[in-house]
Every structure is written in C-alpha cells, then in structure tokens.
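Order-wise, the sequence lines are chains A and B.
In our numbering, each number is its position in the first sequence, counted from 1, plus 22.
In our numbering, each number is its position in the second sequence, counted from 1, plus 462.
Heads up, a few of these hints could be off.
Take a look, some chain A residues computed to stay more than 12 Å from chain B by CB distance [to be verified]:
| id | residue |
| --- | --- |
| 1 | S46 |
| 2 | P142 |
| 3 | T264 |
Covered by chain A, according to a simulated footprint, are these stretches of chain B (three or more residues, beta-carbon under 8 Å) [claimed, not checked]:
| id | region |
| --- | --- |
| 4 | 488-499 |
| 5 | 565-574 |
| 6 | 606-613 |
| 7 | 625-638 |
| 8 | 671-680 |
Hints were generated in silico from the structure; no laboratory data involved.
Just so we're clear, the structure is a prediction, and the values are computed from it rather than from any experiment.
All C-beta atoms in this analysis are idealised placements derived from N, C-alpha and C, irrespective of residue type, glycine included.
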Amino acid sequence: MSAKSVRVIPGFSATLGLTIGYLSLVVLIPLAALILKAAGMTAQQWLDTLTDARVLASFRLSFGGAAIAALINGVFGLLVAWVLVRYPFPGRKLIDAFIDLPFALPTAVAGIALTALYAPNGWIGQLLPFKVAFTPLGAIIAMIFIGVPFVVRTVEPVLQDVDSELEEAAACLGASRVQTFLRVILPSIAPALLTGISLAFARAVGEYGSIIFIAGNLPGVSEIAPLLIVTKLEQYDYVGATAIACLMLAVSFAMLLAINMLQKWNRQRLGGLS
Amino acid sequence: MSRAATRDPILVRWLLIAVAVSFLALFLVLPLAAVLTEALRKGADAYWRSLGGDDTLASIRLTLLVAGIAVPLNLAFGLAASWAIAKFDFAGKAWLISFIDLPFSVSPVISGLIYVLLFGAQSALGPWLIEHDVKIVFAVPGIVLATIFVTFPFVARELIPLMEEQGRDEEEAALTLGAGGLRTFWAITLPNVKWGLLYGVLLCNARAMGEFGAVSVVSGHIRGLTNTMPLHVEILYNEYDFVGAFAVASLLALLALVTLGAKTTLEWWHRDELAAAGRH
C-alpha cells in the first residue's frame, strides 16, 4: 500500500469546504472575536475585573457549587447506574428513559419548576427547616438537576461490560461483596465515573437558565458568573463581560482537555478488561 | 450456574433501588409534576386563556421560525461534515471533530455574548450595520445565530461515529457499478444512517426550541417581537403571572417528553443503527 490510493468517493472538497466554512462562520470567528477583544485589554483592566469582590464571589459560587453538585451526582449517579444495570425491577426501562429528562427539558422550565418546589411554600420547601430557594443552596439544587444524566450515562455502559468472572474470582478468593465492589468493580469504572463527574461539573459551571430563577441572584452571595456576564452586558461593560467570559472559557477548555484524557484512560481500561 | 456469590442480598437490593428511585423522583419527576400543577392551578379555562394571549402566540411562532431555520441548516452541515470526515482520510481530522464539539463546552451565556461582541453597536462592524440598517443583535437574526451555535454539534456528532462505523465499502461498490455521487448518497448512505439522522435532528430540535441563556443575551426581550417561548416564560414569571408562565412551560415540557419518547423508541427499535458512542 505504498502508492497513494485513488479516491473513488466524490465530494471531498465540496463537503470539507462547506464544513470548514460553516464552522468558521458560526463558531470559530465569533469565538475569535471574544479572544481578540480580550487580547486588546490592558493588564490593569484584567486586574480590576478579576480582583473585584463581586466577580470573585460569583466564581466561588459557580465553581464551588458546580463541584458540590458534581460530587453529589457522582454518588447518586453511580448508585442509579448500578441499580439500573444490576437489578431487574418493574419499571426499570421507563426509569432509564427518564434519566435524560434534564437534557430535553428547557432550562427555563426546570428553573421555574424547581423554584416552585423549593420556595418556602412549595411542596419540598415547606418540609425543610431551612431556606433553599433564593439562597446559594438553590443554585446547587439546579446544578444537581441539570447534571443527573452525565454520570449515569457514562457509568452505565462500563458497568455493563465489567467481566462477571472477575467478580466470581474475587468471591471465590473470599472477598465480601463490599470488598469486591471497592477493590474490583470500582477501579474498573473509575475512569468513567470521573469522566461523568467532570462533564457534570463543566455543565454546571456554565449553567444559566435553571439557576437564575431559584438562586435569588443577590450580588456577592447567590449570583453566578454567567449571570454577572449578562449584568455587565446590560450595563454596557463589555470589557468586564469579556474578561469573565474568557476566564470561564479557559476553564472549560482545560476541563475539555482533562475529559479527553480521562476518556482515553477509560478506553485503555476497557481494552485491558475484555 | 449458581451466581449466588456475586448476587447482593435481597435487602441491599431493595434498599439501593429505593434510594435510586427516590433520588430520581425528587429531582426528575417532581419538577415535571410541579409544572403541570402550577399551570392548572386556576383551572383549565385560565390555562387555555393564557396560552391564547397575543404575546404567547407570537413567542410560539418565533420559536417555530428559529428552530425551522437552525435545525435544517445544522442538518445540512451535519451531513456534509460526517461525509467529509467518515468517507475520507485527511490531516487534522481529530482537530476538526474537536472544533465541531466546541459549542457543547461553552456556557450558553458566552454563546450569546460572542455575537453581541461581533455584531453589537460597539463592535467594529457596528457602525456599518447601523448605517445600512441591518439588525442582527436584539433582533431575529441574532436569535437564529445563537441558536445555531448551541445546537451546532447535535446532528454531526450523531452521524460521524455512525458513518465511520459503516465504512466506505457500500458507497465504493455503488460508485464502481456506475451510480453517481448524489445517487449513491440518496440510495446507499442516507438509508443506512436514517435513524441516527432522525435521532440527531430530534435532540437538535429540542435544544433549539428550548435554548434560554444564549438567546436571552442576544434577544433584547422585546415582547411580541424577539421573545421565544423560553424567554416568554421568564417574562411572565417575573411579572408574577405564574399560571401563564407555567402554561407556556407546560408546552415546552410536553416537547421534552415527546422528544424523550421518540428518542427512547428509536433506541429500543434501532439500537444497531444508532451510533454506539457518545449518547448525550
């Protein structure tokens, strides 16, 4: 196969040209506009924006809240995936289909629905001794909601593929079920679990629609970073908005890179198992 | 073939099932139930009346228009991109795929912001656009652009792995037998990927109709003119018209349920003909 093979299938330059053209027009050039705008900012402007107490507080809530929500989703997502894969019970298929609801339900709808539930007079809110809606806790509830499918969907297929012979071997060698889970099953699904948690985190950091209704949006307390971008835009503070957006974008890209590496690790793990 | 050693005690099973189901009921079922309850709080008459309002109808029309432009464009793009990527080898393919996925990792608010920076009055293009009376930001074109951006990867990322999996043999056979390129596409490629294509379009459409953050930044919130359904939900909600807000929300929730139902049906019946990877 040393000679370059002749392309039989037509349309390469047309479809690739269309793809790159459309991609540049819709995605790359607009994103470049943001980076260009940021590149034109002076060091002082950066410093002013990024050391502003209100900006720092919004980052704390967006990143900290997203981390808490992602960890909670990690625990419950693993549990849900485990139950759905391992235990046949009536209604399992229906529940499995329902997991993707947060992907399909518009975020504004989720936002007002969660607010109605967790408001002081709501179905859940009136049962709780503390306030959830209109506090940072509300933001975390919304972040948990939108992150539900990520961990379940990344762990499910890997859990299905875990070799039952490994578990039998562990049992034969005298391991208890808990030991088998911790020493045999958990290590083989760890990359998938981490991938799911990272995806849920990345989604929660950028989330806007479902949070702004329930969080109360008090500057410095329950205001998320994406909302601060919107606020700065409304005040024609394009520099401030751009700086916050750039920082968030940098974190998203770092997350993307980490997730790609996790998935590579995941594939190697799977390759080694089968 | 006893598997007792790898089975969990019945008590543990039911306990775990109970915890998992409670978690999902709390976070998925209750919000949906809340939407319906709140929408019907003042009876069916109030529900239908609020859906018949002029601004509500305008928002439904705008949502349909925006999705009607964004989805076909992204469908055409998805087909072109997957054809180029799956049927040919070229340098930089992995980069191209990463770039296509890019909009998924950008916050919706930033997706709107980039168009404001590009086409807003303060941008380099701004004065020219004003002079020629071209309205992009705070008008329908901006909403369409932001929607295209956030729904950009759906069709492509469903089709690329699917078409890569199916290889090139069938197309090459058809071409060798004398079929033209377009005929090969219509008769061979398209039937092979039709369910995956439908799957991608469904998800793309659900997001296009439901997008809030990106559209909110570029819309300008002009009632009856630049409010899509999700934005109208926000306006009604902030005006304390809760029945109205939840009534429009119930339509969007219905759209979500129909999308989920159709998606699940496709997964059950045509699992083999959907792409194996990246199911979200």
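Taking the hints in turn, this is what the structure says about them:
no., hint, in the structure
1, S46, "violated (9 Å)"
2, P142, "holds (15 Å)"
3, T264, "violated (7 Å)"
4, 488-499, "holds (count 9)"
5, 565-574, "holds (count 7)"
6, 606-613, "holds (count 3)"
7, 625-638, "holds (count 5)"
8, 671-680, "holds (count 7)"
Hint compliance for this structure: hints 1, 3 are broken, all remaining hints hold.
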